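The two chains are supplied separately, each in an independent frame; assemble them into the complex guided by the hints.
Spelled out, the chains give:
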Amino acid sequence: MADQLTGQPVAHPPPTPLLEMRSVTKTFPGVAALDRVDFTLRAGEIHALMGENGAGKSTLIKVLTGIHARDGGDILLAGKPVEPHSTIQAQKLGISTVYQEINLIPELSVAENVFLGRQPMKLGAIRWRSIRRGAEAALARLDLSIDVTRPLISYSMAIQQMVAIARALDVSARILILDEPTSSLDENEVTQLFRVMRRLKDGGLGIVFITHFIDQVYDVADRITVLRNGRLVGAYETAELPRIELIAKMIGRSVSDESAAEAHRETEADSTAKQPFVQVRGLGRRGAIAPFDLDIFPGEVVGMAGLLGSGRTEAARLIFGLDRADAGTMRIGGEPAKRTSVRRAIARGFGFLPEDRGRQGLVPDLSLRENIILALQAKRGWLRTLSRARQTEIAERFIKTLNIDTTDTDKPIRLLSGGNQQKAILARWLATEPALLILDEPTRGIDVGAKAEIQRLIARLRRDGMAILFISSELEEVVQSSGRVMVLRDRVKVAELCGEDVNEGRIMHTIAEAHVA
Amino acid sequence: MSKTPVTSSRAPVPRIVWPIIALALVLGFNLLFTHGFCQIEVRDGRLYGSLIDIIDRAGPVMLVSIGMTLVIATAGIDLSVGAVMAIAGAVAAGLVAQPDYSVLSNFDVGGSFVIAAVAALLISAIAGAGNGTLVAICGVQPIVATLILMVAGRGVAQLLTSGQIITFENESFAYLGNGFLLALPVTVSIVLVVFIIVSLLTRKTALGLFVEAVGGNPVASRHAGLRSGAVKIAVYTVCGLLAGLAGLIAAADIKAADANNAGLYIELDAILAVVIGGTALTGGRFSLAGSIIGALLIQALTTTILSRGVPVEYTLVVKGAVVIAVCLLQAERFRSMFLHVVRRRT
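Line order of the protein sequences matches chains A and B. With our numbering applied, the first sequence corresponds to residues 6 to 522, in that order. With our numbering applied, the second sequence corresponds to residues 2 to 347, in that order.
Incorrect hints may have been included.
[Stated by the list, open to error] Listed below are the simulated BS3-like cross-link pairs for lysine-lysine, each with C-alpha atoms no more than 27 Å apart in a straight line:
#1 K256/B x K416/A
#2 K97/A x K206/A
#3 K256/B x K384/A
#4 K67/A x K279/A
#5 K343/A x K405/A
#6 K97/A x K67/A
These aren't lab readings, by the way, just hints derived from the structure by calculation. Quick caveat: nothing in here was measured; it's all calculated off a predicted structure.
This is chain B alone, in the form it adopts within the complex (with noise of 0.2 Å):
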């Protein structure tokens, strides 16, 4: 038996790489032709700018992608993190609000903002147990689980609004969306606190193996003794509560609960962001620094066409054409086809 390795001799390059280059790409064009993409300005202590801006407006799907990163882990998807996101802004929006026409205002939370967090996110965690409980133990299809609630969530959040998009007005509620710490944006801190705390949990602690077993090779977990179903639950239900916890953000944003638009498509870019950062939908090895770089690089898109003038329709098509170049890059066959044509031509 020799030690020459199976494959080329050559380290393969990490797949975190490309949707880096993607979105250095990105910027580096707006640094060039974007008049004052790249200043920063501080004022009153708080930092302002395009740059600042792309983070915080990526909150949302960051957050959202963090919990979808671990359920592609274990070869699932959760198509549901929309319609949960519309449900925990309709449920603390309409606790501290207290409408007459809202089922809520039979709950008096005293106007305490804390108290409507806390019930929002129990009943998103909740609802991505729901999930879970349907792929570990029902064995329905994560696709098909997740669609349940992804079409019955959204029906669920307008029968708590009554169909009426709920605004109110509470100055805790409003930081969370509004309000600045240590200089940078809430919504910046919480991903950033939440993007530790899941990275501690998943890669200093057996979690994060267990994941990548269970999605790997489940049939091979089960014969090591792993409990693949208590696996699955438990992603799926921070997938909900992380979920949970962007709808909060996105309602303090407008202030106002808006069951019909709000996290609406957001699985979609969270499932993208996903899969740029190099988390194969089959399973497996999962990065959580590089899906955050996805949810960056698609609100760099997003950010970038829109400060060009360029007509909304575009944005889409334009998105759609990154993501298939970063998603081509990563494909190894397509690389050496790619590299191949290129050495014939020169």
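Bound conformation, chain A alone (with noise of 0.2 Å):
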């Protein structure tokens, strides 16, 4: 695939870049959601945007559009400085945005949603004719020539996303910015759609391309910035950075450091136990996850590790039975699983703590205590239920043990911080005993402390014989934690490496690779 690109010509770069970001800075109260970050983007060129969750891809472009005012640093567009203070004022200045989720109204025409909020009036009546004629105009630019008097609907994703970008771009838009563009676009939808990005950049236009899809980065940008944590990590020509590198970019580890963790790989359980604990076999569903096998054996910790969007949360969903499979089976403790449900997978010894903490963890309004319980209670039943005695015992206990930081067990949990809440969330799975316990980004948006108390922990967890899968966009984390790593890329899972294997430049290598049989 680069031999595209190696023939092209690289844009020259001309002596003022279109627009230039200079040493930005944004503070949310406690974080630095970016930190002196440059940017530059030239006309004519297709500039990719890279870089992990919370790395400060979106709030660099919410600065760039006015949705988010700066604390420091300078925007320049052709060399003069800009304030935008609004989307309408960003667009104004020829700054165009097509967000994830298409904005758009799907019962309208074509031609109405192109002029949608800015319809031309004359004596206060809509011109329908020149909504037509402009809308079309509009997609005339973009190659694509389709009835718009249809309504948005009877199209495909991708002219509906191509109708998103004929509305963003006004005649006199110079910057482009495409947030996530392809995720819900198939294989020949993001084709029409890369023709399209190339035939704007050929028209002089400076394009900011969001994306997790390594292979579509290779495929269409000249040029790719790197985000880790609200730093910048480097700006780099496309046709000279390999995949690898990149990779090791994002997730801030070098491809030398291969042997990191490996004073701590111990011999695995997985010899002594004869049968696996989760045993997995073409487990798979549409749009999540390709279908895969793994086994989980007891007293042993199993790692995923693949880039943002590789599909390692839903094939744990599908495991845990939050999503319906619709292909594969499952056999637990050898028996084969029926039709999985939450409730089946909790009461065979199931536990998942989930990713996103405040959405499907917490019950933010009940207290420490009451949240702790609530998958004991709820795997007990309302009948059987816990003394009050019996609770505040249960959530003393691991107030202790997680070292959890509170002035009561009856505080709300809301009141707590980041990383007590997740040792709360922790605490009410291993209150149910689980056999398999599922961690799903178990240190995300928690202090060092609590992250070294959460990896001790899975470590003592693994000695006492249960079965973990553990899943981190940090690849040191996963090395030094687990004894197998199961690897994932664009929804597929690619390999799975154990003993000797088992370090960040290998898993980074398996994933950098385009195609592994």
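Below, the structure written as structure tokens:
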């Protein structure tokens, strides 16, 4: 794929770039979302903005389009400083954005969608004919000729995406920002979109392309800027940056430090346990994760590695029964498990610490005690009620063993810090004495101390014979904790590494390889 | 990590304090200005007086608001309670009185009030379960799901009574509305018993926790293995059952089933009582005692206005003003704004 690019002349750097963001800083209460980030966009280039969750991609875009006011730094448009305070102002400056979820009205016609909110009027009446002509002209710019009087919904997602682009692209537009435009498109539609992007680029437009699909970046982008934890990692010519290095930069590891955690590897328990606790065969769900196999033995930590959107959480949700699989089978403790549901999974000894603590974990108004005993009580049913004394005892036991910092057990959980909330949700599952614990990003958004404690806890639980499925964006963590690692890429399980192969370099190589058999 | 809590150092005032203060104010006003308001007479071993009257009159609203509290705690709402009351009254009265114009005369219960009441309550519970199924299984929005029965239910009640008012002469049935038990009106005893049972069920078993978890964060509840559908169906069923009981009392009160007017607009009073009592319409934490206080406050206001000789037309307006005041007092933001202004003045 790189061949296509090497043939083309790389955009020669003009004297003043189209857009220059210098040392842009944005702080939210307690977090530096952007820390002196530089970003340059040339006219006539497609520039990929890459980074994992929380890297600062969307904050950077929101600062540029005037949604967030920046706390420091300069924005220069064609050399002149600008101060966009709203998306409308940004649009007037020639900065247009198309967001991931298309903000159009499906039942209206294509033409109406293109002109929604700025219909040409004459004597208080909408001038339908000029709307139609205008829409046709706007779409012609994208080399698209369709019947603009038909409702938007009658067209494919790709066409809808292009209508959104046509709507965003004012005649005066100089910069187009595409935020994850391909996440809901199929392969053909992506090709179609890329053709339009290249055409616009040739017309002199600067395009910022946000995606987490590595292949697509190498297909279409001229340059890449990588952010990590709100800081600029660097800006690179696509042709000069091998995939493996891009991934290393995104997750913040260098390719060479392969032996980082070798010392932690112990002889794994899977040789002693003959039977896997969970045996997954061909489990899959269309649009979420391609069918995959996986065995998890008692006393073993299986890691799941892959970039954002690679299907890690989706795979875990299938195993836990949160989503229904449309293919495959599962055996639990050697017995075939029929149609899965969350309640059945929990009854068989599963626990699942979800990725989004606030939305999927906490019941914010309930007390710490109630949040801790919730899953155990749900497992027992309402008739076998845990007495208040027993509840307090359980809560206090976990407050002690997990070192949860709180004044009392009846404090609403929303008043605790992120790390303590996370420990409480962990306690919720430990209270059910699970045989398999699925941990989805257990250390995200919590402080370093709590992080280390959770990692130590994982090791202890494993030694006690629990099976653990451990998902993390931080490769270092995965390597340190796991005896075996399942690697995912673009919603497909591409490899299972064990023993010597469990190291960061090997995992990164596996993620980077274009197609692994 | 420090041990200092994120909120103010002062322990927050429980929300139930505000409706209690409001109720005390209304009663205090009457104590001072309404002659004989607080007199309680004992006649034939029975208690009479304005205060007793308020509790007695508030009976149906209190019953309905107990069920409504649970429904609202799951982030739902039940608009059909008034219609269910009408159905329950019509079924019971029709079965007891057996008028030839009503289809209910086809079912001879031999004038037994017990059978008639059980049938009416069963139908009410089924109606509630239907609401719950629409909400939990079919995913219809609660306000829409129960609006259907709110409209259609009254129609069903009218069909059952053939559009007439069914009057009955049945001592057991009438006792429900006018009788006395241990010196108190029997309605008060029923409310008390229901309140104690529901309180025990929700506070001494895990049901209350399940209701609050499902209302507080349905997604997290699902992840924790809660059967949120079953919880929702259960609360709507209880709400329907209690509305049916309220319908029996309302019918017993006038010894007749009036399909057009029984329980008319009671859903609004019940929702108000729940909100005044400190249960948020967004679901989560609930307070049964708060709702009871709320219902009493509404009835105390109505009684006060009537006994002061204020024209009836003003009732609703005054009610609205008091409700707004209580709700604003409960809103933390308003309280701090209010205090801020007051402090600057002084």
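To see whether the hints hold, each was checked on the structure:
| no. | hint | verdict |
| --- | --- | --- |
| 1 | K256/B x K416/A | 51 Å, violated |
| 2 | K97/A x K206/A | 20 Å, holds |
| 3 | K256/B x K384/A | 48 Å, violated |
| 4 | K67/A x K279/A | 53 Å, violated |
| 5 | K343/A x K405/A | 38 Å, violated |
| 6 | K97/A x K67/A | 16 Å, holds |
Hints 1, 3, 4 and 5 from the earlier list are contradicted by this structure; the remaining hints agree with it.
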